[in-house]
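Q: In case you want the letters, here they are:
There are 2 protein chains.
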Amino acid sequence: MIFHEQDDPLNGETMIEIAIATGIISILASLFLAWHVNRQPKGSPKMNEIADAIRTGAYAFLKRQYTTIAAIALVVAALLYYVFGWHTGVSFVLGVIASLIAGFIGMDVATRANIRTANAARKGLNKSLRISFLGGMAMGLAVMGLSLLGISLLYIWFGDPKLIVGFGFGASFAALFAQLGGGIYTKGADVGADLVGKVEKNIPEDDPRNPAVIADLVGDNVGDEAGRGADLFESITAENIGAMILGLAFFPQFGINGVLFPLLARSAGIYATIVGIFFVNVKENEDPMKAMRTGLAVTTIVAAVAFYFLVTNMLTFNLYYSALAGLVAALLIGYITEYYTSRGYRPVESIAKSSETGPATNIITGISVGMESAVLPIIVISVAILVAYITGGLYGTAVATMGMLATTGFVLAMDGFGPITDNAGGIAEMSNLEKATRKRTDILDSTGNTTKALTKGYAMGVAALSAFLLFSAYFEVANLAVIDVAKPSVFVGAFLGALLPFAFSSLAIRAVGNTAFEMVKEVRRQFRTIPGLMQGKTKPDYAKCVDISVRSSLKEMVLPSLLVVAAPVAVGMLLKAEAAGAFLIGATISGVLLAMMMNNGGGAWDNAKKTFEIAGKKGSEAHKAAVVGDTVGDPLKDTAGPSLHVLVKLLNTLSLIFIPLFL
Amino acid sequence: MIFHEQDDPLNGETMIEIAIATGIISILASLFLAWHVNRQPKGSPKMNEIADAIRTGAYAFLKRQYTTIAAIALVVAALLYYVFGWHTGVSFVLGVIASLIAGFIGMDVATRANIRTANAARKGLNKSLRISFLGGMAMGLAVMGLSLLGISLLYIWFGDPKLIVGFGFGASFAALFAQLGGGIYTKGADVGADLVGKVEKNIPEDDPRNPAVIADLVGDNVGDEAGRGADLFESITAENIGAMILGLAFFPQFGINGVLFPLLARSAGIYATIVGIFFVNVKENEDPMKAMRTGLAVTTIVAAVAFYFLVTNMLTFNLYYSALAGLVAALLIGYITEYYTSRGYRPVESIAKSSETGPATNIITGISVGMESAVLPIIVISVAILVAYITGGLYGTAVATMGMLATTGFVLAMDGFGPITDNAGGIAEMSNLEKATRKRTDILDSTGNTTKALTKGYAMGVAALSAFLLFSAYFEVANLAVIDVAKPSVFVGAFLGALLPFAFSSLAIRAVGNTAFEMVKEVRRQFRTIPGLMQGKTKPDYAKCVDISVRSSLKEMVLPSLLVVAAPVAVGMLLKAEAAGAFLIGATISGVLLAMMMNNGGGAWDNAKKTFEIAGKKGSEAHKAAVVGDTVGDPLKDTAGPSLHVLVKLLNTLSLIFIPLFL
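From first to last, the protein sequence lines are chains Z and V. Position one of the first sequence corresponds to residue 7 (our numbering), numbered consecutively onward. Position one of the second sequence corresponds to residue 7 (our numbering), numbered consecutively onward.
Everything labelled a hint here was simulated from the structure, so no lab data went into it. Warning: the hint list may mix true and false statements.
Since the list gives no way to pick one copy over another, a pair counts as held whenever it fits inside one copy or between any two copies.
Only pairs whose alpha carbons sit at most 27 Å apart, straight line, appear in this in silico BS3-like list of lysine-lysine [unchecked claim]:
{"hint": "1", "residue 1": "Lys527", "residue 2": "Lys630"}
{"hint": "2", "residue 1": "Lys359", "residue 2": "Lys527"}
{"hint": "3", "residue 1": "Lys359", "residue 2": "Lys550"}
{"hint": "4", "residue 1": "Lys296", "residue 2": "Lys616"}
{"hint": "5", "residue 1": "Lys359", "residue 2": "Lys204"}
{"hint": "6", "residue 1": "Lys359", "residue 2": "Lys561"}
{"hint": "7", "residue 1": "Lys493", "residue 2": "Lys582"}
{"hint": "8", "residue 1": "Lys630", "residue 2": "Lys207"}
{"hint": "9", "residue 1": "Lys623", "residue 2": "Lys441"}
{"hint": "10", "residue 1": "Lys527", "residue 2": "Lys623"}
{"hint": "11", "residue 1": "Lys207", "residue 2": "Lys623"}
From a predicted model like this one, the values you see are computed outputs, not experimental measurements.
Bound-form chain Z, shown alone (with noise of 0.2 Å):
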């Protein structure tokens, strides 16, 4: 099926072609603003002091992260090559590889530019932005150019998308282990830290004196960074090969074009990308957050254009609306979330309202606003569905998936920007920056605080709308007619499908509680047994600390990591393909809206907490009500939330690899 053979050779090779191009630039261009990133001066030795303490805290847990990881795929990947052959051993191998080059390079360039931001803000506000920005923006365009490239290049090789799916499947594997150990990491040291520090000490966040403060700051780059990164690096290499196989489905109609649409689609956003880059500036006393917007308003607009050519020239002019519903989608998503998790809408003051009369009222309101925020974010996937269905037939909802994908790489690196102005706030308080300077960090970690949040419900908008796309190629690979939900075996499929999520998470959840109780020991020896810490007199041991952070969320990820793994394979040799068919349906939907739930109502608790402290009022009864909720919500919205839409996309692959066994 490999395009010379089919169709014009010249056209479907150009395509390719073009596809490498950008696959390669997006790399160069990543490269650059690393090395540029690297450039910008570094500020005081005290500032370096607690930048390398976080650098080498981080490659500490990468490390030894990468070393597991690395240990448990080669294992699974002799058995892809013992039972599936060469092909998917040899793909699942350079996905699991590509996804950690990715997240590793998010990391590096964030642990960078996280000093470095926090210098720049002490000569402005668009300095510091700029900087952190484009440490955001390094990874992004490194996971689109990774993603392509690999996906173009094992296309030539191959010549049938079906054979690449083991590359989406060691992504997606991988990108499990980063982002579920990642999360553990970074709450179980977050919520520790603050349990003791903020709770028993009434000592301020990031306070230099407190033993896990370094632990926190590692893991806002092991787990939002790095793991994000591989997460994203997923979505789009499972989309894209998930997309290039219906293609083949509808080779009778588009030819190779309907193969090929996917990777020019995907270049198409890496170009709006780079061009949205150049629009995110913001004046001194301005809100960064609408630099974020004029950028990512840019890339949309950019990308609109290039896919009315792409899809006119490649398809037929009616799959324009299905891309625009893609478009569209993402950009009401993204609202949708701004509303359910900032200050000044009804879902924040709510529970900051509840927070006065306790931490069980502020618990209440944000678990209420966390089930209604599922909802309209449904109602707008399910349309966008429909919408591309109805104007484009099932292709169609392949060009509106691609349409939502466009703007990935600027929603990359909007997410990737929040660690690293987190990072920066933390360098300025730990080494006493002046006040206007930890304003500026403050004001750029708040945004840093939104984008993230924005950036989740878009990858959760990515899961649902591409999950219908990957069910469809699992239709299409399994050469099933229907899934009939009225077979008692294909009822339970779906029902355990279901399950699945709700018994990850709840692994999710307590491998943070358990992180976090080791923590707070540690902590509270610590201050019971250092003399003059409290004081400020001496140092803590912050690598105690790190230690604990990585031997324990090293040791939780492993058990519902393989869950994930295994559940779906035992239903689909037990149940058959049809069931599990219904076993991926159950856990996407079960999973995309328990996602939504803990991401913003995570979220929300956050900023209902935000809304004491702008206010004056930290400290007060309602404050600490607020900062139980935020706690209750960090593994929600770090841990247990973005490792789920892992898990979905994961199921998808694995399914689509392990057919053969099913039938």
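Once you have looked at the hints, place chain V on chain Z.
A: Structure of chain V alone, referenced to chain Z:
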């Protein structure tokens, strides 16, 4: 399709006569128990004063609630009559009336049994246990009898189980309002009373100085008693009708026996329950839970023997395995629920342990436990469905559901026992009864908490197992060959269906928050403005608090209830029958999972708090953290969770009726 046209008339007629007779016997037994309870002595004037206040408050609520339900039901009945004909309209109205009567009987007996239980506790544990248990049993037998009698008579009248679906829908409709309105009432009052009483003023639960204490005690009756009565009335009614419809499809195989088996299975359950009553006795220093377990075991064994004769005579022997699968599943789910919600096992102990690091970790662990608690019950249900299907085919799954429902009468009695003992404890506390008496009511109250948790687990297990049955009935009536989730409209239907329980729970939880907020303001006002209240010199204005709960809960119950009715109709009319079927599955699966998470999580939080109280650590920081968890769990386990049981079954009966509009 009435029996005497198709089959041996005598046989069919005899069977239905047995069912009618059993229904009447059950109702008479219920009235006898009510009379017996009413004959017991009522205790001191002080106790009577409190009990009268509770009774008056409960009647005030029920009167206004029933008026609201009647008004909305009349509109719906008129619509049903107009669109679907008189059978549906009439059976709907009868279903509503029967459900309301069942709820009324339950509440009436409960508000008589509470004071008599408290009074009997002065003499001994067994006497007190007998009164509260028989009070619960009065409700159980009334519910069972009314359902069986209603269905049997309507079946004789209409001659086709499909035409009496309206009876099930009416029961579901009334149950939704009863459970939701009652749930909002009871938890709004409970949370409001606790927030000011326990947390701010540091006075014990049920302290007569707390203005919301009567509202809280009223809540036990209108929420836990009348609400749950309506809930389980609806369960057995919907399942009976669903199984009869499925029996129609198996007419060629089993003749009229397949249609009438559910009625006789229910009759057997009633007799087994009556036998079980005699085995509930406790020695003075024994755990009352042991008596409950003995009674339930006897009921299960009698039902198993009766099922053997029914199945082998009416159907074929292999279906007995299906019945046993249901009976065993019911027992296992009971044990699992106990494991997750009782002291002494890992889940509750882990929540208690995590309370030591504050409310945030308490909540995090509780959420994790709640999510995990869904795993084993779903696996049990899945295995039961598969075993039933493999041994008995599709009709086997109906027989399994009948097996699981065989002990419903006894379970209902255990459930109704809970609020009676809760009230008895409150009356004992408020009227300053002797310490030995209060110790006895405390023991019974604690047993009641366990039985309430168990019966919720049971109710949810029934909902999960019967979902498949009702879904099969939907297939049968809609004449669908398959539900193909690869169609976009069907996929969207499943997604929207899964969303509904989230949207509904969000509204239900928020309603409790709103009601509690009103209550807190009023209680604070009374403490502030009534002189001498805190010193116990003056009495609070109980009636004002009762009134707030009444008004707020009636107002708040309307929107979520209408959403539940409107959403599936809208999806069915827009996206048609196949998508409506997917909507049904999506809602069932996510509803069952969410409900298990909320019910068990809430139960576990409750008992984690009790751990500290029993260990004499009341007032410690860890206990305060555990109180937060308990308060968070309240609206989850007593409002949203139980209402989801009703929601799941309401959707099924509603869809069965509305099918003509979806084609």
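Q: It remains to establish, for every hint, whether it holds in the given structure.
A: Results of checking the hints against the structure:
no., hint, in the structure
1, Lys527 to Lys630, "both (21 Å within a copy, 20 Å between copies)"
2, Lys359 to Lys527, "between (33 Å within a copy, 13 Å between copies)"
3, Lys359 to Lys550, "between (39 Å within a copy, 24 Å between copies)"
4, Lys296 to Lys616, "within (20 Å within a copy, 51 Å between copies)"
5, Lys359 to Lys204, "both (21 Å within a copy, 21 Å between copies)"
6, Lys359 to Lys561, "between (39 Å within a copy, 21 Å between copies)"
7, Lys493 to Lys582, "both (12 Å within a copy, 21 Å between copies)"
8, Lys630 to Lys207, "both (13 Å within a copy, 19 Å between copies)"
9, Lys623 to Lys441, "within (19 Å within a copy, 45 Å between copies)"
10, Lys527 to Lys623, "between (29 Å within a copy, 22 Å between copies)"
11, Lys207 to Lys623, "both (18 Å within a copy, 23 Å between copies)"
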